[in-house]
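Engineer: Residue numbers (the numbering used here), protein chains in the order written: chain C, 1 to 232; chain U, 1 to 1031; chain B, 1 to 111; chain Y, 1 to 119.
Check each hint, because a few of them may be wrong.
[Unchecked claim] Just a few of them, taken from the derived set where beta-carbon distance is under 8 Å, the chain B residues facing chain C:
hint: 1; residue: Arg26
hint: 2; residue: Val70
hint: 3; residue: Met72
hint: 4; residue: Ser78
hint: 5; residue: His79
hint: 6; residue: Ala85
It should be emphasised that the hints constitute simulated quantities derived from the structure, not laboratory data.
Computed from a predicted structure; not experimentally measured.
Every residue gets a Cβ at the ideal spot worked out from N, C-alpha and C, and that includes glycine.
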Amino acid sequence: MMQRLPSAIAVLLLALIFATIAIGHAEQTVLRPLAESYVRLVPHELGAPNVITGILLTYRAFDTLGEVAVLFMVAAGVGLVLKEPGKAGARSASDSEAAQPASEIVRTAAQILVPLIAIFAAYIIMNGHISAGGGFQGGAVIASAVLLMLLADPSHKLNSVFLSVTESLAGVLFVLVGIAGLIFAGGFLDNRVLPLGQFGAFFSAGAIPLLSVLLGVKVGCELSVILDRFRA
Amino acid sequence: MVDALLHPLNIFIIGLGGAFLIPLLYRLGRAAIAAGVVLALAAMTLLSGVALWRLSHGAAPIEILTGGARPPLAINLRLGLPEAIFAFGVNLFALLGVPYILREKYGTILLYLLIVMGIQGMVMTRDLFNLFVFLEIVSIATYGLLSLRDTPAALSATFKYLTATVLASSFFLLGTMLIYAVTGLLNIDDLIASRASIAGPIGFAGLIFVLACLLLELKPFPANGWGLDVYETARSDVAAMISGGVSAGVFFALLKLLPLFESQLTLIATLGAITFVCSNLIGLRQTRTQRLLGYSSIGQMALLTLAASLLHGPGAERMTLLVIGGLFVNHLFAKVGLFWLAGHVGEARLRDWPALAGRPGAIAVFGILIAAISGLPPFPGFFAKWQLVMTLASDGRLAWIAVILVGSLLEAAYMFRWFGRSVHGTAEAQTSAKGPVGLLPIWGMAILLVAGGCISGSLAGLASPWIVAPLAAGAALCLLWNLPARIQGIIALAIVLVGGLWLVRDLSGLNRLFAVILLAGGLVVSIGCLYRADPRPGFYPLLAVMLLSLPALPRTTTNLEFFFVWELITLSSYFLILLRREARPYALRYLLFSLVAAFFLLAGFAMMQALTGISSLAAFRAAGPDAAPVFILLAIGFLIKAGAVGVHVWLPGAYAEADDDVSALLSAVISKAAIFGLLVGTYVAIRSELGLDLARLLGWIGMLTTLVAAMLAVRQDDIKRMLAYSSMSQLGYIVAAIALMSHLGWVTALYLVANHLMVKGILFLAAAVIILRTGTRMLSGLGGLARPMPLTFAAAAIAIVAMSGLPPLAGFGGKWLLLSAMIEKGWYGPALMTLLATFVGLIYMARFMQTIFFGARGAATATAGEAPIAILVSQYLLIAGILIMSFFPILLIEPVSKAIDPQFASTLVWQGMSLELIYATWNPVPTMTFAVAVSILLLGLFLLMQRSGHVGMGARGTSFYEFSGSIFAALTPPLAIRFWGDVSAATASAAERARKLYTGNGQTYNLYVLYYVLVLYAFGGGVRLIWTGIP
Amino acid sequence: MSEVAGSILVLIGAFFHFSAGLGMLRMPDAFTRMQAGTKASTLGNALILIGIAFYHPGWSLKLLILIYFVFMTNPVSSHALARAARAIRIPMAGPPPQALASAPAAARDGA
Amino acid sequence: MTSTVVLSTGLVVMLIGLWGVLAHRNILRIIISLSLIGTGTHILIVAIGYVRNGTAPIIDRALTVAEAPARAVDPVPSALVVTAIVIGLAVTAILLAYAIRLYESKKTLSIDAFRDSKW
């Protein structure tokens, strides 16, 4: 409790700084040069209607690759931190009750929702280059389906070998697509290794849909692995 | 095709692709993972190494493009020379450290690979947001690796680390986005180009937040408790990764963003200075190994920050590269090596480290790492600090130099204290240390340090091959470690003889004289070392380094060469002193005072170079009157090394407690290095107008030293301590002679140097014999040794006569020359003191002879026999020298006089007294008569006192000595000891108070983090901004 | 006109969301908080989605699916939570019967 | 105007998170507060990208290629926020994993209990 006052002062002083930011902020009325060139170039050069996906998966794909690595590391890291799943019994005293089967309501809902969620996830992933969506978002939705499955059947063992192999393969393929861009197109992670196709079509925008799928699969697997690790 | 394969982009492809592959390799088995990760790291090392090679040969920086577009659109990375140094260093260390993680789960290996890649990403990327991504990659990999140690303490430390770094990186993200909000740019080059547009409250806050994150990730004082806890509790290889790798990435990010923070440079430097000094201060009070290393790491990073912000500016790229690159490489390899060593030894507490004792290999590598981290030669940190100080001096930023030197001294203090305590085992030690195979990566680090030292040495302008001759000789002798001690010794002396002759072959003048005296004296005294047949690991290599460095010192022509050799002498003599267990605290004191002295020299050299723009020692001869501060700095430095009164407190302990033969070397030979330095430094004073007054002061200091030391010597009961004070006293004469700054004075000085060298060599070797034969070193336990060891007695008697100034031996000539020179200059006060000191000197010398060799045989002396042959050889060679010098003084004085001539001929200080006149006044009968009369008078006085009962010759003569001792005790209160004791106590209590900041509570640390951001904002210009922004 | 109706619906939905938040803060124990959070926010979600449908009639089908989704998930999740809470015996903040009459519930909030 | 409101909201959420980090003793609450700081930053990022009367930078029936530069909001912050969110999630996951281990080691979640190393 001794710290309350200094903490309050610190937060208040920071609030003062933030106030200067809020006061100083002026809403933009036109796009700035860099942003404008993105808006012009992504549809034109990359053939992707969704400018954001274009940026994410080509111009700033290096960031995205880094992000994938981050998730990959978290999956590994959480596994390392929460090692010895055998010790789960010691983890909480009420373990026996927690492991009881889920109620019928949850199970039924899961039966209905999981396919729905999966379809939704596929939609989001596959339409990332055309409309709002993308690999990350879709991957997260996949993981929510997995979570629901796990809630419905707490004793269910995820096939962790399958997950980790899939995740790795997706990652390796992502890098390989990047290398393909290096060899066959303008540079590492250039999406123009595949034909750009017709603007706005499902199969278009070069390698972006492919990358999107890889990303979705990878993120879905990674998040599922993380969930699984926490369950242990 | 080859170029495409060697392109640095492949570092990231290999890193990421390799990491993604590891779970697949896991299905194939452990061996596949091990092969994969080693291959990946080796490939990354190769790629960065090739790039470094090309860049250092003038290739243009390599642009790494991604996304098939040009920079502002797509992310780009760049690999220039600085980037390549950092990347290659990190890769090398990661490759060497891979054995530590190979046995872990595959998740760990994957994180290891990714952290290495992430660090290089932070180093190379040119996009602000991409920098954030790589920062997070590195952070998250760290979080994962930290879980390798899961004690409760480690877990809570990791959590503190987590919250603090998450807070910091939140600020980075916020800052990045605020900068984007103002500029619409993320590319760092573009941002730097449009730096002016990052203004207003938003842009300013953005800059400060980014800066805050980077500084916080470098763990600044006091917002760094979380970092220290992790350093303390993490597994040592992970701590090494944080200290060497993660910090490197963050620091490089700061370095490349520094152009954005041009208006905050002074603030950054100040904060760096505070951290550097405070963390090293607190390091003094640490008892746990890894926390100690943590403080040191933080200090090193702060030094890097300080240097980067001070050197920043147009046209400073090369200097920045040399200093930053050198400091970084030094920190990386040395600190990582030390962390690994901590893991290898496995002792968390410093006081358990004697477990290392008895393993010369481990101690050798430990010593190399400690010397490197303390910025001593021949390692990169030495050259980097040298150049940093030189640059700062040329900019006139002297206060910063002081800060850097103080911090370095504190760091050296705790590092060497730790080393000193580890070298000698305790009875119950020898426990948990593992086999020598585990040392291999640590040796790798040591070798890399040496290689780095060679490179940065040649970059710094240290090109002459002879300068490393001492080290090469030492290294060669290390290979003979399993030969018997005496054979090693003979080989070592042969090498020194050959090498030394090669070193002095083309010298001339004063330098040649000094080189020959130091080389010959060192060799002859070292013959005495052969009397010991017990294996002293490392003794002969160190001896060779020291003996070869001594003649190398006069050979040096630039200030850097001089300082390099000077530090080599310091370091090798420190290690030699440390060989004896009892000498531990004194060795540390010796080293610290030597380092203080060295730092004064460094500052002096730096000012000199700033004044004249010349790095050659010849600058001293051309210095103008404005060089007075240089003279003061140099004189202080050399006086500390010469044991002048007040700063002498290191001397008696080091001389008395070292191994007996080492004592002889220290007193006879090494002390003369300081005298040589003083001669060199005095050139400055000769030319500057202030010089003469200062020289008079110097003369008084010299005489006061002589007198006080003589009084102190009388009081000693320990033979070696008495001889130590006697050395100090004799050095005082020499200092006074140099201070005369006349031709005659300098001739005297050199004459005294040669005389003292031989005399003290004999006496310390005699002491060694006495201790060897009787087992005691206390005067009160000795007596009547003249009969059992007549040869030693004869040698000691001749030496005492030669030292005391009694005719007919050399000491008389020396005193006479000194008095003549003083009278010539009109220094009547010092002349009077000389007489007084000579008298006091006679008392202790008489006591020495009388108590040891006459009287009843003491209890300990019953079985004593004659001295070992090695010592006798050494002593009688020296006696031959004394006799030659006494009866044919012209043999020495003429070359001395010729050597001095050219320097004084160009000045007006020498007031026309010709050399012939000196001989004329010395040789004639009146002189001799006067001398004999004085001697008789003194003897009569002595007999009178004896008869009147003050001196009981038969009753071991103690009462007279006790009487005079008590008088002198009253005259010489232990002011210096008290003063330095107070200084050290004050430092310790300041450290104790400062460390109370670290409460251990993670939440408090978060509060510090927040306040750090606020302080940065306020002092970075935020107060003014808010003041003017909100009317 | 339809935009006004839509706005009113969104506003009402927002009010329910607000009350859900208030309930989370002010209710005394896990179960009552869960109840406040679920019920009010389900209704709030639905109202807001319907309100949006007034703005963009073209989105009606998608919004309907969303409402279905919300109706499916919210109760199921709160049910699962409540069950878990009961399984680990989280205490209910049952006030003694006599206190119920005198003291207002707000005085015993569980914050 | 709109974006200033959103931006201020983001800043306020960050402040709430900061206060939570400093004032709450419970580790879970601290973690929640940390992710609140992250969320606040994400809100702020989106607000920064807003252009007056702009719409999502997705070319479809509502936004043609030609008029996109004039009507789209800045796509860069939107792209960055995806990355930032993922990283925030990653960090939260790690934090929670450590919270579990901390609870195991001392059977408490009060941050005051975890001050093993100091000075």
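Engineer: All hints are to be evaluated individually against the structure, with a verdict given for each.
Structural biologist: Evaluated hints:
no.	hint	in the structure
1	Arg26	violated (23 Å)
2	Val70	violated (11 Å)
3	Met72	holds (6 Å)
4	Ser78	violated (10 Å)
5	His79	holds (5 Å)
6	Ala85	violated (11 Å)
The structure fails hints 1, 2, 4 and 6 (numbered hints given earlier, in ascending order).
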